[in-house]
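Starting from the given sequences, assemble the full structure and let the hints guide the process.
Protein sequences, first through last, are from chains A and B.
The opening residue of the first sequence carries number 1 in the numbering used here; numbering runs sequentially from there.
The opening residue of the second sequence carries number 255 in the numbering used here; numbering runs sequentially from there.
Hint data in this document are derived by calculation from the structure and do not stem from the laboratory.
Just so it is clear, the structure is predicted and the values come from calculations on it, not from any experiment.
One should not assume that every hint holds.
No farther apart than 35 Å at their CA atoms in a straight line, the calculated lysine-lysine pairs in the DSBU-like style are these [to be verified]: (1) K269/B x K235/A; (2) K269/B x K102/A; (3) K236/A x K377/B; (4) K193/A x K235/A; (5) K212/A x K180/A; (6) K376/B x K442/B; (7) K48/A x K180/A; (8) K377/B x K235/A.
Spelled out from the first residue to the last, the chains are:
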Amino acid sequence: MGKNKETRLIDESGLRVDGRRIDELRPVRLEVGLLDKADGSAYIEHGKNKILAGVYGPREAHPKHIALADRAVIRCRYHMAPFSTDERKSPAPSRRELELSKVIREALEPSIMSEYFPRASIDIFIEVLQADAGTRCAGITAASLALADAGIPLRELVAGCAAGKVDGKVVLDLSDIEDKKGDADLPVAFMPKSNVIGLLQMDGSLTEDEFKQALDMAVNACRQICDMQREALRKKYHVEKEETEPTEVAEVQA
Amino acid sequence: MADVIGNKLIVVPVKGAYIPRLDDIVLGRVTDIGMSGWQVDIYAPYPAMLPASETPMRRGRDEIRPELGRIYGVGDMMIAQVIAFDRTRDPLLTTKGRGLGKVTSGLVARITPTKIPRIIGKKGSMITMLKKETGTDIIPGQNGVILVTGRNPDQERIAVDAIYMIEREAHTTGLTDRVKAMILEKMKGKTVG
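Take a look at the structure:
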């Protein structure tokens, strides 16, 4: 706690560099269905993160040998645009992107009812246009929305959010500087209804108590984000929502 | 969008992929000609097969590869029926039967397959109205592909517009009347017959 650091990330009144409280999320904006070609798509702005997700499928699995007999294969590509960071990022998939593609896929897999589409494939593409810490979590949030927009049966939506430790304090949703100068980062993906954690990674170090506190914070934030996801989906089908009634009833009256 | 009947919950999906079912009438496009049949894209996650033996043709003579292309070429559209499909095998089609076979004229609309029942309507009320008011013949494929054939392109165009309108507003009430009003408005001043 009493560590004397060169840069201070939390001031006397307990506010962070961007003026947020310790347990405050960055502003999140979600949009659904912006791509015409993709079966489903979503866009997220999470703080300064700008991420676009596209979903194709269920479609024929190519190459054929990757197909599974009892369910659809889920493929995921997480990619950062060359202009997404301060220094140009080589467009070739890096070790980090490969790893994130895998963990994002594994976070989304339990939510997808892939057993309805044996031998088919579902392809998820996540493109980071602007990165500002927490892209994997924001990517999961966007990808899950895109899956819903594609009409793929889901058990529920998955939301992602990170917590961490900065200046000896447990804080929610690290920004870029906090991520780089902070003591720990704990990205979490969570499904509120089934109470399933789909992603849990950590770098830096936390004590057991701090870990529990951080996990609690992140899980609660995921619940908040999940409500926003639902709201974003509702917004897209707003016109239909106004007079929504079960189709059966609608036809009797018609 | 959702109904509860006893302990069952029935959800009407807004969107979805087409999963073939036995006896479905579908519209498909030939993607490849094989040794003994055609590969057909029926806009499902699974490629369909139309065996040469499932087309009405002369045995032996037409059943050789170079001759298959004369019946259905790559890119040709057809109305077909699913005769076999399960979780382990790709769908098999037939074009033997009344109303099945090659599509030679008309306009094609593609909507999400979950909204085909809405195009048909309760006891066919919607599709009967569409056919009557636009003077066209409409064949809805269960895979979301709809063929509209009329005597002139104007009628076909209006019918296709009406289909897209139904897709957009599938969840609203009093839709049949509004679609009818839209068609009547557009039919004004158009040559009919």
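Consistency of the hints with the structure:
Proximity of K269/B to K235/A is assessed by CA-CA distance (about 16 Å); at most 35 Å being required, the pair is judged to hold. Proposed proximity of K269/B and K102/A is supported: the alpha carbons are some 27 Å apart, at most 35 Å. Distance restraint check for K236/A and K377/B: the Cα-Cα separation of roughly 30 Å lies within the 35 Å cut-off, and the hinted pair is therefore satisfied. Between K193/A and K235/A, the direct Cα distance comes to roughly 22 Å. Compliance with the 35 Å bound is thereby established for this hinted pair.
The straight-line distance between the Cα atoms of K212/A and K180/A is roughly 22 Å, inside the 35 Å bound, and the hint therefore holds. Simply put, K376/B and K442/B have alpha-carbon atoms about 28 Å apart, close enough for the 35 Å limit, and the pair holds. Proximity of K48/A to K180/A is assessed by CA-CA distance (about 15 Å); at most 35 Å being required, the pair is judged to hold. Of the supplied pair hints, the one linking K377/B and K235/A holds, its CA atoms being roughly 32 Å apart against a limit of 35 Å.
Every hint, counting from the list given before, is met by this structure.
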